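**Q** Sequence order for the protein chains is E and X.
When we follow our numbering, the leftmost residue of the first sequence carries the number 176, and every step to the right adds one.
When we follow our numbering, the leftmost residue of the second sequence carries the number 2, and every step to the right adds one.
Source of the hints: derived by calculation from the structure; they are not laboratory data.
Incorrect hints may appear among the rest.
[What the hints assert, rightly or not] To give an idea of the interface, some chain E residues facing chain X are shown, with a C-beta separation under 10 Å as derived from the structure:
#1 Leu225
#2 Lys426
#3 Gly435
[As the list claims (entries may be wrong)] Across the chosen pairs, the derived CB separations fall in these ranges:
#4 E:Glu183 with X:Glu20: 52 to 58 Å
#5 X:Tyr58 with E:Leu299: 50 to 56 Å
#6 E:Thr188 with X:Tyr58: 21 to 27 Å
#7 X:Pro25 with E:Arg248: 53 to 59 Å
#8 X:Thr62 with E:Pro303: 41 to 47 Å
#9 E:Gln290 with X:Glu20: 46 to 52 Å
#10 E:Ser193 with X:Ala60: 43 to 49 Å
#11 X:Ala68 with E:Ser252: 36 to 42 Å
Given the structure is predicted, the values throughout are model-derived calculations rather than measurements.
We treat Cβ as the ideally placed atom computed from N, Cα and C, and that holds for glycine.
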Amino acid sequence: MTAGRSPEDLDFTEAELSRYSRHILLAEVGAVGQARLRAARVLIVGAGGLGAPLGLYLAAAGVGTIGVLDHDRLELSNLQRQVAHSTDRIGRPKVESLAATLRALNPEVRVETHQRRLDAAAALELFPRYDLICDGTDNFPTRFLIGDACHLLGRPLVSAAVLRFEGQLSLFASHLGPPHPCHRCLHPEPPPPGLVPSCSEAGVLGAVTGVMGTLQATEALKWILGIGESLSGRLILWDALDSRFRTVRLKRDPACALCGEGATIRDLSAHR
Amino acid sequence: MLPPMDGTEATLSVEVNGEARRLPAGTTVSGLIALLGLDARKVAVERNREIVPRSAYAATTIAEGDAIEIVHFIGGG
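In isolation and in its complexed conformation, chain X is listed as follows (with noise of 0.2 Å):
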């Protein structure tokens, strides 16, 4: 679960692997890894279905209405 917000500040409303999240304005990439808890290492990420590559996680910003999913790393046989 994400942190509940303060309601004074502004929010996105954004879906997270098919569930209603909102998020702080201005959250990027990376900072929606830290608020999930996940290790950048072992997941991708999907915004919009588009893999964002790992170079541009600091520098996505997350927008209103964005669809995220989290695509974990996986490499069985």
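Pulled out of the complex, with its shape left as it was, chain E reads as follows (with noise of 0.2 Å):
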């Protein structure tokens, strides 16, 4: 086990440079890059369509410890889509099931599980304790709790969302300052209950949440290690059917309610 080693930690083992040999022959990641991905740890909201790729991703390329928080168990409909869980594990809880598969893809990263639902309570406890949240969940109440806590707690936030054909991610480091936007300068309130539907209502293809939970782990990884041009301030938007990506600006809003310079969510009250 190399979880929670400190990033200037250079010290690897044999099978630790054959696993991340492919990663460490790039010269913006190299053994610096693969020690920080060591030392990271990151959350991942969500054991499901977006979270099995992401966390399949991150635990491949050796992030040191990665938590998983879902409050579900794994059942038949889930499986469409929600590549690390298995058959044999319907009826188990998500969390156990997503941990024994990262453990089992790479047993030098550790997984922390927190079967528990997402609310005001488990955001402030849990978020401090990593360095960068990804929101794969599949609910509006949650997401913007997620987006909103990660502002109030100073965290990064990469968020992935999906429905039909369609793929949506950008990354939140509003808690940086301008010229950052936060959750809420895309959408200042969550819709309506009832409005927008779930996938559960109106379906979602299986490897368009493999494709946009992959393009998260990217941007996590790309954040971990500071390389290239990060997502922040910009939105990617994909439409399998169209076979077409699109990146588009987003601004800091000075009128948002979150980051904007008259902010009136100052806590997490209006989640509670």
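Grab the two chains, each in its own frame, and use the hints to assemble them into the complex.
**A** Structure, rendered in structure tokens:
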């Protein structure tokens, strides 16, 4: 077990050097980057369609500590897209199933399971323990709680969403101040209940969650490594039926209730 | 579909979701959302590859040649 190490610690075992050799070959990663990944702590909220590929790629990449939060148990209808689980695990907690898969893929990483519903108390308790939060949840109230908590607690957020044949992805680092926008600069409020369908109501092509969860993992890894152009201030939109990606700019809204100059959201009391 | 123009009013040529449209001069983003019959609470609006903040819809006037895309608010995982 090599999790919980300092990013300055460049001492790798033979097995680690072999496992991560294709990363270490990359000039942008190298041993220094691999040590950063090993020292990183990432929380995945939602062990479902997005959380499965996200967890797989973060674990395979050697992210040293991966937290997985989900309150649900695995159901047969999950397996059309939640590819890190398996049929023989139906009925088991999803966090246990995902953790088992990640540990089997890479025993070098530490997987912490949180089998609970994310509420304000859970966010306040858990988010400060991680460097980066990834949102792969399936409902708007939880997404707004995560977005608000990340801004207020000073954590970057990689947020992906899917529905039918569509995917969206952005990274929010509004706690760093301008020019970084927050999630409420895109959508100030959640839609009223019932106005926007969920995947269980409207469906989703399973592979779309795989694409978006994998892009989410890529942006999380880039952030940890500090390489390339961060997605903060941009939004990736993918339409699988059109086979079309678009990247659009998202600016910080001075009138935003969370990160604007006259911000009115100063705690998570609205989520209690 | 947008309502046909009567030809006497000044109009703008714009693109909405990749299709050429004509809009009355002075149309704001709020006005466009109403013309398209959309509910502002479940979309974001992108103008020339930039998201328009919802707080600026009423004050943002659409200009000749603008490319507008409606971004649906989705939250599945």
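**Q** Hint by hint, which ones does this structure get wrong, listed from lowest number up?
**A** 5, 6, 10
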